[in-house]
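J.: Heads up: the sequence shown runs through residues 30 to 267, numbered per this note's numbering.
By construction, these hints were calculated from the structure, which means they are not laboratory data. The beta carbon of each residue, even a glycine, is placed where N, CA and C say it ideally should be. Mixed in with the good hints there might be a few duds.
Distance ranges between label pairs, derived from CB positions [claimed, not checked]: (1) E108 <-> E198: 28 to 38 Å; (2) R217 <-> R100: 25 to 35 Å; (3) Q38 <-> L161: 35 to 45 Å; (4) A201 <-> L228: 47 to 57 Å; (5) R100 <-> K219: 40 to 50 Å; (6) F47 <-> S267: 12 to 22 Å; (7) A213 <-> R100: 41 to 51 Å; (8) L161 <-> K220: 34 to 44 Å; (9) H230 <-> D78: 18 to 28 Å; (10) D107 <-> S210: 16 to 26 Å; (11) E198 <-> S106: 17 to 27 Å.
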Amino acid sequence: MANLRVKLQNSVKVYTLFKKLTTIGRDEANDVIIRDPLVDDVHAHLLFDGKNYQILATEGKNTFLVNGRRRSKHKLSDEDTLRIGDAEVVFLEREPVAEPARPRGPQGASDYQKLFDVARRILNETDLSVVLENLMDVVVEITGADKGFLILTHNEKMDIKVARNVARENIAQAVDQVSDSIIARVVRNKKPLIVSDALNHEEFATARSVMDLNLNSVMCVPLLDRGNLIGLIYVGNS
30 MANLRVKLQN
40 SVKVYTLFKK
50 LTTIGRDEAN
60 DVIIRDPLVD
70 DVHAHLLFDG
80 KNYQILATEG
90 KNTFLVNGRR
100 RSKHKLSDED
110 TLRIGDAEVV
120 FLEREPVAEP
130 ARPRGPQGAS
140 DYQKLFDVAR
150 RILNETDLSV
160 VLENLMDVVV
170 EITGADKGFL
180 ILTHNEKMDI
190 KVARNVAREN
200 IAQAVDQVSD
210 SIIARVVRNK
220 KPLIVSDALN
230 HEEFATARSV
240 MDLNLNSVMC
250 VPLLDRGNLI
260 GLIYVGNS
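Please put together the full structure from these sequences, using the hints given.
T.: So this is what it looks like as structure tokens:
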């Protein structure tokens, strides 16, 4: 399993990378925390596509050095050395000799911190579309999904209000990225549905949308107001 070794002044910490999206920055809600005034609250994202890691600056000004060269994005190789603010960050594809940094608390506590961070941003945000995007970004991160959708009912029809991927980007042609069979089941029963292996599921294996999307796992949860369906949250992996 890959790791990041972070050295800042006289402190060294090793973070084990186990998520598809790892956040790096000064804010305490990040997965990798660099307490340096030169580092932005969320300075960079580390993306894992199942084979390779790539680091991306969250904004144009949030650059970093990779092996002495300034970059805003970079595909990482073993022992690449990054300079983020005053911190030296080394990417290791193998287990380091040093003991990895211990989690600051149980995973549940980390998830609560992420939700608290979203609540804090919501209070300071007046644009509803941005609020909903932030909310779905956290849902995708906490569930470990590739993509997530907020679907709301409108005139008895389902309207995809927000569609986000693991890189916190909007998804184009979102209607083609969800399974209508799974959605229809949740709409009909008004109960949460978790499918861990959609292609081999007794009910959904032959569904055209499942086969076309090559779905692996899906979770779909109804949003109810006094028993009335007002929407769905849908997350999945292909």
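J.: Need the list of violated hint numbers for this structure, in ascending order.
T.: 2, 4, 8 and 10
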